[in-house]
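Student: Numbering (the numbering used here), first residue to last: 3 to 106.
Check before you lean on any hint, since a few could be wrong.
[To be verified] SDA-like mimics (lysine to any residue), calculated; alpha carbons at most 20 angstroms apart, straight line:
id, residue 1, residue 2
1, 97, 40
2, 97, 33
3, 28, 39
4, 97, 83
5, 97, 75
6, 97, 34
7, 28, 88
8, 28, 98
9, 28, 76
10, 97, 16
11, 28, 68
12, 97, 39
13, 28, 40
14, 28, 84
15, 28, 87
16, 28, 14
17, 97, 25
18, 28, 67
19, 97, 82
20, 97, 86
21, 97, 87
22, 28, 61
Because the hints were derived from the structure by calculation, they are not lab data.
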Amino acid sequence: MIPFEHFFYVSAILFVTGMAMILTRKNIVLVLVGVELMLNAANLNFVAFNRLHSERMDGQIMTIFVMIVAAAEAAIALALLWQIYRHFQTADLNKVNSIKEEEA
Numbered sequence: 003m004i005p006f007e008h009f010f011y012v013s014a015i016l017f018v019t020g021m022a023m024i025l026t027r028k029n030i031v032l033v034l035v036g037v038e039l040m041l042n043a044a045n046l047n048f049v050a051f052n053r054l055h056s057e058r059m060d061g062q063i064m065t066i067f068v069m070i071v072a073a074a075e076a077a078i079a080l081a082l083l084w085q086i087y088r089h090f091q092t093a094d095l096n097k098v099n100s101i102k103e104e105e106a
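Work out the full structure: start from the sequences and follow the hints.
Tutor: Dropping the structure here:
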């Protein structure tokens with residue numbers, strides 16, 4: 003049996019990696035991947051805490067809800083990305099920001 007601490011270590015690594023991707027990447031798609039990594043870290047914590055403290059399925063049910071929200075977030079974010087790319091002809095966040103400032 004895997005010790006619970008290992009689940010929390012992996013979750014912390016996933017969360018920090020996702021946060022680093024959000025803060026350092028300039029491509030919108032990679033920022034979305036960072037958000038998904040952070041949500042997966044939360045899911046891993048839900049399941050690990052549920053397995054540690056309860057016999058009920060509360061952690062797994064919360065994980066399913068988070069996955070549903072993540073799927074909706076990804077669909078909306080990709081639709082926004084498509085529109086941004088069509089308008090600005092780039093997916094680079096810095097270029098989109100500088101173009102926006104030039105238009106104002």
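Student: So, for every hint listed, does it hold in this structure?
Tutor: Outcome of the hint check:
1. 97 to 40: violated, 25 angstroms
2. 97 to 33: holds, 15 angstroms
3. 28 to 39: Distance ~17 angstroms between residue 28 and residue 39 Cα, so the pair holds.
4. 97 to 83: Holds, because 14 angstroms separates the two Cα atoms, which is no more than 20 angstroms.
5. 97 to 75: violated, 23 angstroms
6. 97 to 34: holds, 17 angstroms
7. 28 to 88: The hint holds at about 17 angstroms.
8. 28 to 98: With a Cα-Cα distance of about 10 angstroms, the restraint between residue 28 and residue 98 holds, given a limit of 20 angstroms.
9. 28 to 76: holds, 18 angstroms
10. 97 to 16: violated, 28 angstroms
11. 28 to 68: Violated - the C-alpha atoms of residue 68 and residue 28 are around 26 angstroms apart, more than 20 angstroms.
12. 97 to 39: Since the Cα atoms of residue 97 and residue 39 sit roughly 25 angstroms apart, the hinted pair is violated (cutoff 20 angstroms).
13. 28 to 40: Distance of about 18 angstroms is within 20 angstroms: holds.
14. 28 to 84: Distance ~16 angstroms between residue 28 and residue 84 Cα, so the pair holds.
15. 28 to 87: holds, 14 angstroms
16. 28 to 14: violated, 23 angstroms
17. 97 to 25: Judged against 20 angstroms, a Cα distance of about 16 angstroms means the pair holds.
18. 28 to 67: Since the Cα atoms of residue 28 and residue 67 sit roughly 29 angstroms apart, the hinted pair is violated (cutoff 20 angstroms).
19. 97 to 82: holds, 16 angstroms
20. 97 to 86: holds, 11 angstroms
21. 97 to 87: Status holds; Cα separation ~11 angstroms.
22. 28 to 61: With Cα atoms ~34 angstroms apart, residue 28 and residue 61 exceed 20 angstroms; violated.
Taken one by one, the earlier hints fail for this structure at numbers 1, 5, 10, 11, 12, 16, 18 and 22, listed in ascending order.
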